[in-house]
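Colleague: Please put together the full structure from these sequences, using the hints given.
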Amino acid sequence: MFDVEKVREDFPILKRKIDGKPLIFLDSASTSQKPMRVINAIKEYYEMYNANPHRSLYKLCEEATEMYEDARKKVAKFINAKHPEEIIFVRNTNEAMNLIAHSFALPKLHNPSEIILSVMEHHANIVPWQYVRDNNGTSLKFIDIKNDGTLDLEQLNLNHNVKIVSLTHASNVLGTINPVKEISKIIHENGSLFVVDGAQSVPHMPIDVQDIGCDFLAFSGHKMLAPMNIGVLYGRKELLEDMEPFMLGSDMIKEVTLEEATWNDVPWKFEAGTPNVEGAVGLSAAIDYLNNLGMDNVRKHEKEITSYALEKLSGIDEAKIYGPTDTDIRGGVISFNLSGIHSHDLATILDDFGIAIRSGHHCAMPLMKRLRIPAAARASFYVYTMKSEVDALFNALEKSKAVFSV
Amino acid sequence: MYNELILDHFRYPQNAGRLENPDVMHKESNVLCGDVVEIQLKFNGEKKISDAKFTGNGCAISQSSTDILLNNIKGKTSVDIKNLDKDFILKLLGIEISHMRLKCALLPLIALKIAVSKNKYLS
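These protein sequences, in sequence, are chains X and G.
Numbering (our numbering) for the first sequence: 1 to 406.
Numbering (our numbering) for the second sequence: 1 to 123.
To be clear, the hints were calculated from the coordinates, so they are not data collected in a lab.
For each residue, glycine too, the CB sits at the ideal point set by N, CA and C.
Please note: incorrect hints may appear among the correct ones.
[Stated by the list, open to error] Each computed EDC-like pair below joins lysine to aspartate or glutamate, with the alpha-carbon atoms no more than 16 Å apart:
no., chain 1, residue 1, chain 2, residue 2
1, G, 53, G, 38
2, X, 399, X, 328
3, G, 113, G, 38
4, X, 401, G, 8
5, X, 401, G, 4
6, X, 303, X, 328
[Stated by the list, open to error] The following label-pair restraints were derived from C-beta to C-beta distances:
no., chain 1, residue 1, chain 2, residue 2, range
7, X, 260, G, 114, 50 to 56 Å
8, X, 48, G, 100, 50 to 56 Å
9, X, 130, G, 51, 40 to 46 Å
10, X, 127, G, 11, 35 to 41 Å
11, G, 80, X, 340, 33 to 39 Å
[Said to hold, decoys possible] Residues from chain X shown here face chain G by an in silico Cβ test under 8 Å; the list is partial:
no., residue
12, 139
13, 140
14, 342
15, 345
16, 361
Modeller: This is the structure in structure tokens:
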């Protein structure tokens, strides 16, 4: 049984007051708050086990190495990867995308290769590919969205030149959950590779990479209760083995002479330098916490909150809400504008009520342009979000309208 | 941050509109926010600003800051404008502006300075 009140007790920051008012944190799509279990795991790591993994023979190092590699195994199991070696620790989704771009796309693709993205992508899933295009003559194509905020898959024009299709699983602006399993099938029938940006999906719903059938999946720890600066790139082992590292230096080598170096095995050849053990340990604890709640329950809770919020907010005449209304294909993200009030003004006023929302372009400027808006306000939900917080948002929006006389 | 002064100038701007034959104009935008202001200026024979108008859209801070600024530049020369700084704006607004919103408040000052710099005959 999912008990949100009980969940909230695990998050110390939720007891914080903002200028005397309780914090109402509705910006989990930017970053999530952390439960004690994660905070304690990091504390315990530094109090008991800290050492530089993979390097030395003493006990501490052995333990730190084991904790780091156990975290990898836990991540693999969490997304049902076939092998732990398919999990590369990176800083975040953005770095994961750069890794694929630099280690796969840049050296392996060339004119007339094509990469297909969509207009709903986050900058992290656009800019690295633009760099690839500009440096090896690959062309970029974009799938548009339909008016309801879903992908217009009729525009997925595959031909034998299309080598990579890289799409978000869940939009950080529209909330749209894309049918990645179906898309994966179509893409693979064409012989192309499928990259999935899971930054907004892995924290919020059960994920099975083998079931989806994607070739790569990227996501960030900090959006799923773990610390910042630990993220994951999942890649099919055969692909990873055939890729060159793009970060070079220590730990990613087998042997170095003054003349040359040979690479370590997958996944370590992609993890140059001292790794983020603290982050991996925190991610591992976060996965334990989420598994304890059950990812099905997490999804169910967010779906309920999202339905409730959609219903509430659509009762405000001045509110324009973006994205699908069907919560079966929508995650816990609601972007909106109140006519007559810029989203930055809205966010500043809501802050006076202790309510934290995001405003601006959400690192999705092409999507803003497509929606013909300069910016939007966004409320996003997670395991600790209560219906009463949605009520507080609603009431604060009504008050904002009064401030601006709209 | 939203006192009556800011809201009044946002709702009922006194300098909104276009000049018939502006000597110079400049449009400046804050790409990250989507705030836009275009300032139009007219100078008199003494090389002083005789009239100023603006058009724009965006947040209340950027738009009211523009309107309030234009209320306070008539009679100023290009050199006067060049010497205006952040504190001048903040004093006019009379509110505390968070670091994140400062760029909204300063957008008109940037637009104004560039507009003035376009005035080849008067600088």
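Colleague: Now tell me if each hint is right for this structure.
Modeller: Structure-based check of each hint:
no.: 1; hint: 53/G - 38/G; result: holds (8 Å)
no.: 2; hint: 399/X - 328/X; result: violated (31 Å)
no.: 3; hint: 113/G - 38/G; result: holds (12 Å)
no.: 4; hint: 401/X - 8/G; result: holds (15 Å)
no.: 5; hint: 401/X - 4/G; result: holds (15 Å)
no.: 6; hint: 303/X - 328/X; result: holds (8 Å)
no.: 7; hint: 260/X - 114/G: 50 to 56 Å; result: holds (54 Å)
no.: 8; hint: 48/X - 100/G: 50 to 56 Å; result: violated (39 Å)
no.: 9; hint: 130/X - 51/G: 40 to 46 Å; result: holds (44 Å)
no.: 10; hint: 127/X - 11/G: 35 to 41 Å; result: holds (39 Å)
no.: 11; hint: 80/G - 340/X: 33 to 39 Å; result: holds (35 Å)
no.: 12; hint: 139; result: violated (26 Å)
no.: 13; hint: 140; result: violated (21 Å)
no.: 14; hint: 342; result: holds (4 Å)
no.: 15; hint: 345; result: holds (5 Å)
no.: 16; hint: 361; result: holds (7 Å)
Hint check: violations occur at hints 2, 8, 12, 13; the rest are consistent with the structure.
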